[in-house]
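Protein chains in written order, with the numbering used here: chain A, 120 to 423; chain B, 2 to 315.
The set of hints was computed from the structure by calculation and includes no laboratory data.
Values in this document were obtained by computation on a predicted structure and should not be read as measured data.
One or more of the hints may lead you astray.
With a straight-line cut-off of 25 Å between C-alpha atoms, the simulated BS3-like cross-links for lysine-lysine are [as the list claims (entries may be wrong)]: (1) A:K292 with A:K372; (2) A:K163 with A:K323; (3) A:K292 with A:K359; (4) B:K215 with A:K215; (5) B:K172 with A:K400; (6) A:K366 with A:K377.
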Amino acid sequence: MNDTHFKRMKDLPSTHLLGTGTPMCAGCGGLQAINDIYDILGEKTVFINAAGCMTLLSVYPFTPFRGSWLYTAMASAPAGAQGVRDALDILLEKKKIGQEENLTAVVLTGDGSAYGMGLSATSAAIDRNLDFIYICYDNEGYGNTGQQYSSATPHGARTSTSSGSMGYPGFKKDLFSIWAAHKPTYVATVIGAEPLDLARKIEKAAQLKGPRFIITLSPCPTGWGFDPQETMQIGKLAVKSGVWPLKEYIDGKIIHTKVPKIRMSVEDYLATQFRFAHLFKPERNTRLIDEIQGRVDEYWDHVS
Amino acid sequence: MYRIRFHGRGGQGMKTAGRILGTAFFNEGYEVQDAPRYGAERRGAPIFSYVRADKKPIDERGIITNPDLIIVADDSLVNIPAAGVMQGLNEHAVLLINSRETAETWQNRLGTKINIIVLPVNSSVPNPAEMPFIGAACVGAAARLLGVVGQSALVDAIHEELQDQGPDIIKANCDRALEAFEYMALYENCVQQRQAASALDYQQPEWIRPVFEKARIAAPTIHAGLTSVQVKTGLWRTLCPIIEYDRCNRCWWICSSACPHNAINVDGSTPVIDYDHCVGCMVCVAQCPPHAISAIPEAEADSEIKKSMQQLAH
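Please model the complete structure; the sequences and the hints are all you need to start from.
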């Protein structure tokens, strides 16, 4: 990636596009990533937002966006993006607007919509080769309504609907692979705690055409149970422990953009969050911790 | 009927406090309604929860605008209009406030003669912004002020509502609640219930009939960008980050990129905190390489902000 504008941290934008005054929780990892993403995508964007935490960004009469924003039901954001894209294309074709007024359609949803309810609409949008960017802020549960489990919830995590001693019995869905299997233009995982890696991927996505996907793991102080100031450390631990692999799919290939040289143990990551506290207290659940570690190890064994 | 309104900030456990008090009433044989108010229930933001209890079925619904007991877990909320602490305050109501200051101070400050009872701040905690188990303390105190919720009903309710939290947390909550219950012995039974409102007394509000206008005008469309900056989310802050500019390396790309709330602007190469919108998450404090940003309790922040700004001017 020699042609990137973002060679070092100093190259990150020093002015920020997203307005202040939004009602996101203190220390929101999703908001942090979206700030960085918006700075790079720029003002010529229209956000199509499925129901979730981030729909509270824009609550009448307040908006932090510089341009338009459209609210859709949880399952329908990619369909909303299709309508917006078509409308823009028709206006362009009829010369009602010039190229300089063209906008990028950006879908913004949480994991509840991306991994679950909206997956079918997304699949169909890729079939139609819709020219759009999809941003999923993944806080591994239905955070806005009190952190019920979603299909992005990791194995063993406690949520308000999986509160037993073993936590969530299911496994986090591999959305990256599901999206990549559709062979869209671009798929990438990012995290706000690695802003340079994030900036390069958004820059790349912005230059491409067709369906493009970004999943950002979003450490959630409220839903995961940690002090808001730890958002960045927990994000970095997710990468260093191998729990959240930073990678991209482009031209039929998957490239890992940040391979931890020495992977930290998952325990170091799990122990930072109240949603995993039952793995350590009242007594250590070695079997479950080893199982989680085993799955992470197995993943990286297949990364060459 | 008893009508009780809790005020706190997101993260202080007011929703749970309402549930515990509701369950404790229920254990004493009352009909109960308890509900938090849905809104921007974010950490630090003003939070409300409501409890109604009566020996007869409760027909009243909705938020409580004529409380018999107002409980304020965080006294910094009193001067925030959006927190609505004073809403419906009447001569009959009792105001229970967790504060370092005396009841007389509060009476003078608010210009009221109503019964104000202070729940003293837990002084063993060094950081005044941290209020461990404050919800439990508020419920314990409230139970004594009401005089109709006994210790065993209270303890059972805490066990029931916190059963997922493990024995250590349940015990700590019970201890705090009973400590506050003991402390309030002097004020036992000072909250009086009032008759439930009758439907016959209902007065219809003076409805405003909006003019039917075209969708372009009448629809909730926002016609300008960046209007959210008018919302001063800085009011949510309980801790305040202060940059010590003598030690600041001017590596703005760390703190300004890290701030989830875009509240660190870059002036040339100098980071400047936007205190109107900093919600006090302290991510910058944790990230600053030379540790030039410190976390100061909001109550002491004004003079520190001034000092920091003077340093910046030099």
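For each hint, the structure was consulted:
1. A:K292 with A:K372: 20 Å, holds
2. A:K163 with A:K323: Answer holds: K163 of chain A to K323 of chain A is near 16 Å, not above 25 Å.
3. A:K292 with A:K359: 21 Å, holds
4. B:K215 with A:K215: It holds: about 24 Å lies between the C-alpha atoms, which stays within 25 Å.
5. B:K172 with A:K400: With a Cα-Cα distance of about 15 Å, the restraint between K172 of chain B and K400 of chain A holds, given a limit of 25 Å.
6. A:K366 with A:K377: 7 Å, holds
Every hint from the earlier list agrees with this structure, and none is contradicted.
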